[in-house]
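S.K.: Sequence:
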Amino acid sequence: MEKIIEKIRKLGILPVVVLDDAKDALPLAKALMDGGLPCAEVTFRTAAAERAIRQITETYPEMLVGAGTVLTTAQVDAAIGAGARFIVSPGFDPEIVDDCLKKNIPVFPGCVSPSEIAQAVKRGLKVVKFFPAEQAGGVPMLKALSGPYTDLWFMPTGGIGPDNLRDYLSFDRVLCCGGSWMVKSDLVNAGDFDKIRELTKEACRLARSVRQ
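Residues 4 to 215 in our numbering are what the sequence shown spells out, letter by letter.
It is possible that part of the hints are untrue.
Simulated restraints, written as ranges between beta carbons of each label pair [as the list claims (entries may be wrong)]:
| no. | residue 1 | residue 2 | range |
| --- | --- | --- | --- |
| 1 | E61 | D197 | 21 to 27 Å |
| 2 | G194 | P143 | 17 to 23 Å |
| 3 | L74 | M4 | 18 to 24 Å |
List of simulated lysine-lysine pairs, DSS-like, C-alpha gap at most 30 Å [what the hints assert, rightly or not]:
| no. | residue 1 | residue 2 |
| --- | --- | --- |
| 4 | K33 | K10 |
| 5 | K198 | K125 |
| 6 | K129 | K106 |
| 7 | K198 | K106 |
| 8 | K10 | K204 |
| 9 | K33 | K146 |
| 10 | K13 | K129 |
| 11 | K106 | K125 |
| 12 | K146 | K26 |
Keep in mind the hints are simulated off the structure, nothing from the lab.
This structure is a prediction, so every number in the text was calculated from the model and none was measured.
Backbone N, C-alpha and C define an ideal beta-carbon position, used for all residues, glycine too.
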């Protein structure tokens with residue numbers, strides 16, 4: 004878990020990927036890697052997620068791939084079976100978190116309140132997702148929440164893009180930012196992987212300007 008957390012921290016950005024068709028998984032993965040982000044959170048919002056994760060992890064084992072929008076323990080099993088190396092859920096679901104801990108796979112549950120964070124800390128978690136970040140109060144809310152939990156990392160996701168990425172990454176309790184602006188569904192569905200690669204490069208340059 005520590006190695007995964009450190010790799011994500013160094014990258015600063017975790018692309019949140021929605022794939023309608025698994026055929027796009029490999030060209031998308033290559034575009035992300037060529038752009039400087041060898042990582043992805045492939046969401047279980049579509050039926051293509053499991054197959055997409057399997058294809059990416061088998062073809063590009065060097066890429067750090069996790070499963071997002073995980074809502075059930077059955078999806079946890081499917082994600083692990085496909086090769087996912089971490090699990091992300093939109094909210095704090097004790098059943099999912101406990102299942103992941105039992106199976107020794109890193110889990111980053113969504114938390115937007117002290118009560119949810121307390122449950123995560125009680126279970127020994129080091130990272131929680133802050134979602135939806137902008138709608139839940141953005142950086143000021145993150146700073147307020149982090150006050151009592153000085154050893155916890157946050158992964159804000161939701162409403163983050165080039166215009167506010169710097170604000171989030173400048174806060175020292177932010178592990179990384181989740182975002183989809185470089186992997187928008189219309190670009191993926193149109194097969195415009197050159198544009199995705201360029202947007203990824205721009206995102207990496209911006210992240211590096213904050214975290215040298």
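S.K.: Next step is simple, just say for each hint if it's right about the structure.
M.R.: Hint by hint, here is what the structure shows:
Roughly 24 Å separates the CB atoms of E61 and D197, a value that falls within the hinted 21 to 27 Å. Between G194 and P143 the Cβ separation comes to about 40 Å, which falls outside the hinted range of 17 to 23 Å. Checking the proposed 18 to 24 Å range against L74 and M4 shows it holds: the Cβ atoms sit about 22 Å from each other. Between K33 and K10 the alpha-carbon distance is near 18 Å, which keeps this suggested pair within the 30 Å criterion.
A distance of roughly 43 Å separates the Cα atoms of K198 and K125; the hinted pair therefore is violated under the 30 Å criterion. For the suggested pair K129 and K106, the alpha carbons sit about 17 Å apart, so the restraint of at most 30 Å is met. Taking the CA atoms of K198 and K106, the gap is near 38 Å; set against the 30 Å cutoff, the hint is violated. Between the alpha carbons of K10 and K204 the distance comes to roughly 17 Å, so the proposed pair stays at or under 30 Å and holds.
Note on K33 and K146: the hinted pairing is violated, with a Cα-Cα distance of about 35 Å set against a maximum of 30 Å. Between K13 and K129, the direct Cα distance comes to roughly 16 Å. Compliance with the 30 Å bound is thereby established for this hinted pair. Between K106 and K125 the CA atoms are separated by roughly 18 Å; this keeps the pair inside 30 Å, and the hint holds. The suggested pairing of K146 with K26 is violated, with an alpha-carbon distance near 41 Å, which exceeds 30 Å.
Hint compliance for this structure: hints 2, 5, 7, 9, 12 are broken, all remaining hints hold.
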